[in-house]
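Trainee: Since the structure of chain Y is provided, determine the placement of chain P on it from the hints.
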Amino acid sequence: MGHGFEKKILTMQGIMRSKIYIGGFVGLLVLFDIGLLSTYAQGWAPAGGRSRAMGDASVTLADVWAYHHNPAANAGLKQWGAGISYENRFLLKELQTQSLALALPLKKGVLSVGAQVFGYTEFRTIKSGVGYSIALTEFISLGTQINVHQIRLGQGYGNVLKATGELGVLAKIKEGWNVGFSVFNISRTLLSKYQEDRLTTVMRLGTSYCFSEKLLVCVEAEKNVEFPLRGKVGLEYLPAKSVALRTGFSTNPIELNAGVGCSFKSVYFLDFGSAYTQLVGWSPNVSFTYRLK
Amino acid sequence: MRPLVLTLFLVGFRTVFLLGQDKTDIIQQRIEFISERYQSENIDLTTIIEQLNYFYQNPINLNETDGSELEDLGLLTTIQISDFLRHRKLFGKYITMYELQSLTFWDLETIQLVRPFVRIDDKLDNIHISFKEAIRQGKFDLFLRYQPTVEKKAGYAKVSDSVRASSNNYYYGNSDHYYTRFRYTYKTNISIGFTGEKDPGEQFFKGAQKNGFDFYSAHAFFKGGKYIRGVALGDYQVQIGQGIGFWSSYAFGKTADIATAKRTAIPLKAYTSVDENRFMRGAAVDLGYKNFEMLLFASSKRTDGSTIADSSYADLQYTSTLDLSGLHRTNSEFKRRNTLRENIAGANVNYRLGLFRIGASGIYQEYDKPFVKAEKLYSQFDFRGKNQLNFSTDYSFNFKNVCLFGEVAKAYNDSLIGKNSGWAMMHGALISLDSRVSFGLVYRDYQRDYFSFYNAGFSEGSNTQNERGLYSGIKMKFNSKWSMNGYVDLFKFPWMKYGVDAPSQGHEFLLQPIYKPNKIFEIYFRFRQQLRQKNSSNYIGAVTPIEDYIQRNYRLNLSYVISEAFTFKSRIEFLTINSHSKGFQKGMIMTQDLMWKPKSSPLDVSLRYALFDTDSYDTRIYSYENNALYVFAVPAYYYKGSRAYILLRYSFLRHCDLWVRYGYFLYNNRFIISSGAEQINGSRKSDLVVQLRISF
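Protein sequences appear in the order of chains Y and P.
The working numbering puts the first residue of the first sequence at 1, with every later residue one more than the last.
The working numbering puts the first residue of the second sequence at 1, with every later residue one more than the last.
Read the hints as simulated data drawn from the structure, not as lab findings.
Note that the structure is a prediction, hence the values are computed from the model and not measured.
Be a bit skeptical, because a hint or two may be false.
[Unchecked claim] Simulated crosslink set (DSS-like; lysine-lysine; CA at most 30 Å straight-line):
| hint | chain 1 | residue 1 | chain 2 | residue 2 |
| --- | --- | --- | --- | --- |
| 1 | Y | K214 | P | K477 |
| 2 | Y | K174 | P | K481 |
| 3 | P | K89 | Y | K241 |
| 4 | P | K89 | Y | K214 |
| 5 | P | K519 | Y | K174 |
| 6 | Y | K93 | P | K481 |
| 7 | P | K599 | P | K187 |
| 8 | P | K477 | Y | K223 |
| 9 | Y | K223 | P | K492 |
| 10 | Y | K214 | P | K516 |
| 11 | P | K519 | Y | K223 |
| 12 | Y | K172 | P | K599 |
| 13 | Y | K172 | P | K516 |
The shape of chain Y in the complex, shown without the other chains (with noise of 0.2 Å):
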């Protein structure tokens, strides 16, 4: 009886915990008015260390994270590529995000994979879907992409299950200059008639220009549709081959990242950036990649 008692002052405990965990989650929206949080919890969310330490302006970036970024920036991928990415936001343990990307290209066009699982027990969002790109001409590229969204919240709460479509461009305006947009659930899917609550809507327009082989500059506009524009900025900078550095810079709120990536033997990326918030700190990012030249 005894152990019995004990179990159900766990499981009280338990439900306190994260209930304090739930009261402290609204509180920070509340006190910080910190859009990104919610935005992240609603199913969007950039990936991958390489776009984390650029501010995430990744939104012209061509590799195998454009699933998460641009569906027709990888559209120009020759080789097949995956990788797989972790991050912490504010190095809570309720924040956690693990992300998958893949892509496969076919004889015409290249087909991706992608997913996404963010929170913990009492609160977890999985995204996952498909996309298909094309390269119309040498400077036009579409893409497009289905996913399936899952919001699962605990004690009873229950479950809800989705559908969003994504829509991409990339255009090169020349060599080593690009330009890119996308929108993130054009279809604006409604999540639940309570308060006409949606999955959300995120617009990005950005750019980025080649200074040379060694530098890379993105600058990026991005409206969630709930919150107010942000613009970014990214700088990656290679100093040897196999090694990068990146920087990045993004407003409301006002945000710093850095981070480092290497690669061996031209086929496998480890990247590591972070964004840094003054009130709420650190916001670490680690990938792995794999992509074939």
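Mentor: Relative to chain Y, chain P alone:
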């Protein structure tokens, strides 16, 4: 033959003229940077301008310089300098100026910027100075300046002596400002000079100022020996490291140009300005042996401060506050005058190996009366007692396209051992990522209990104390027409500050795209956002909460050289401030400048007309104004009204220049300007400057 010679002469003349115009522009840009940094109306930047003027007249020989003169110029980054030196080491002496284009980190703009100040000559300069030559080749400069106060101010009202003697609201002297300066210079090697200044309201040859001017400064300075590299007697300036521990003059701060984040210390300089506190008075010597350099200096001067007599010992006095205004016009100001003696002794040793440099310094500073500051929470870590010891070590190091620099300093205060002995440090990097892109990073951590009187380190606050921050900036040139500058700075103040009753934090960021399609036209846009936390002015309860205070500046600036004689400059600036307790406030100015400088005429004219409209003094906007040489005017425009000025410069008798400037502010719906002794009844505030320079 003769026409050819004439044409050559004319071409030469024209280039010199054009370069001359560039020079004034370069100087003006620098001054604007500084003024924005200090947001202050009266800063004296004579030395910085003098330096550029000197190098204009005596260009640096690129085949001879060890880089230090190029650093003094302040226009090049250390990476560019090391690039330049490496090239000379690898390929030998420079033959033409065009060779500079082959340097990785020098672009055309840099070359144009520096060109007026450098030359290429394979003959070495003669370092030996003979007395005869020094007299014959030396340059004498005499300045006389007169600045009357046009409108009647309340403090100059005619009152009886008894009223004046019992009040602090009336000035003893007249309302004129007098200034005179005499200086002899021989190259950069010798300088002997004298400066005298009387501020408005101070007496002249009577009362408290029986010796004439209220402030005198004199110096004798020598530079250039092999072992005795510099000697200074009288008034001088000392700069060490990155300005964390000791830096007696002003320095660039956060500007749109990231290169200014790094300080380039000139250990010893003559002092020729009129700031009555920020200088050293005494003697200094800079010794050198091979790669070692040692600066020894001692200074003793009187300063102003409020003193309180100790109630238990009649002859003991305490100091409560320092007065750094340098004004001695009223009874209370007389009372504070020269109440303290400040003694400073210091040493700085530097070791330089190529582009690697490391230095260490120790500074002892004491006052003849102890400081007993009121025990306020925000100022409890400030200087107290009589003396203090500061130690610092600094470094700078260039490797390929990376320049690293920094300084670590520690302070010891005798009265509060263990309590008042903090650390301060800063470390930075400037990296040329590409010939068109440079990137800078500065980290600083100044503890709340670190204190130094003379500092100019990279900081958001006014001192290198109580601050932690990370600054990151970038400068990009996309092509020959478009470029962009930007920076972001995150900072924290771990302890309270004046007007901020809690630890606080904030950020600042700036973005400035520049479009310059050709040499004569430039347009730039600047956006700057600053977030700071301040005490709320509207709260209930005993504890003052702090709140966010967001300031945004939007500026559009256009400059256009219409012809060789006409330059046209326009600016629109808009400013907003948002805070919870004060709500939304805004301000704007619109200025139009026109400069007429025909090359054949001895007369130059500068004109400005401006309208301004700000909701409050908080939303004031500072704007640089042209003025007579070595007069610096960056007034704040606030409330609603118009501003206009005219500046004339007339050169005559080959050796003389005369400047006359008249300007006024005309306010709307405002019949009293300022308050207290400075009050003007009326809606107009005018200013007049007359300056004569004789140089031969």
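Trainee: Holds or violated: Y:K172 with P:K516, Cα cutoff 30 Å?
Mentor: holds (25 Å)
Trainee: Run the distance test for Y:K172 versus P:K599: straight-line Cα separation, threshold 30 Å.
Mentor: Violated: Y:K172 and P:K599 sit about 49 Å apart, past 30 Å.
Trainee: Keeping to a limit of 30 Å between CA atoms, is the pair of P:K89 and Y:K214 held or broken?
Mentor: Holds - the C-alpha atoms of Y:K214 and P:K89 are around 26 Å apart, at most 30 Å.
Trainee: Between the alpha carbons of P:K519 and Y:K223, is the straight-line distance 30 Å or under?
Mentor: violated (38 Å)
Trainee: Verify the proposed pairing of P:K89 with Y:K241, using a straight-line Cα cut of 30 Å.
Mentor: holds (28 Å)
Trainee: For the pair we were handed, Y:K93 and P:K481, check the Cα-Cα distance against 30 Å.
Mentor: Given pair Y:K93, P:K481 is violated - Cα atoms ~49 Å apart, limit 30 Å.
Trainee: With a cut-off of 30 Å on the C-alpha distance, tell me whether P:K477 and Y:K223 pass.
Mentor: holds (27 Å)
Trainee: Decide if the proposed pair is consistent with the structure: P:K519 and Y:K174, CA atoms, cutoff 30 Å inclusive.
Mentor: Holds - the C-alpha atoms of Y:K174 and P:K519 are around 27 Å apart, at most 30 Å.
Trainee: Straight-line Cα separation of Y:K223 and P:K492 no greater than 30 Å?
Mentor: holds (29 Å)
Trainee: Hey, Y:K214 versus P:K516, does the alpha-carbon distance stay inside 30 Å?
Mentor: Holds - the C-alpha atoms of P:K516 and Y:K214 are around 26 Å apart, at most 30 Å.
Trainee: Please work out if Y:K214 and P:K477 have their alpha carbons no farther apart than 30 Å.
Mentor: holds (15 Å)
Trainee: Within 30 Å, alpha carbon to alpha carbon, are Y:K174 and P:K481?
Mentor: The given pair, whose Cα atoms are some 18 Å apart, holds under the 30 Å limit.
The structure does not agree with the numbered hints 6, 11 and 12 stated previously, though it agrees with the rest.
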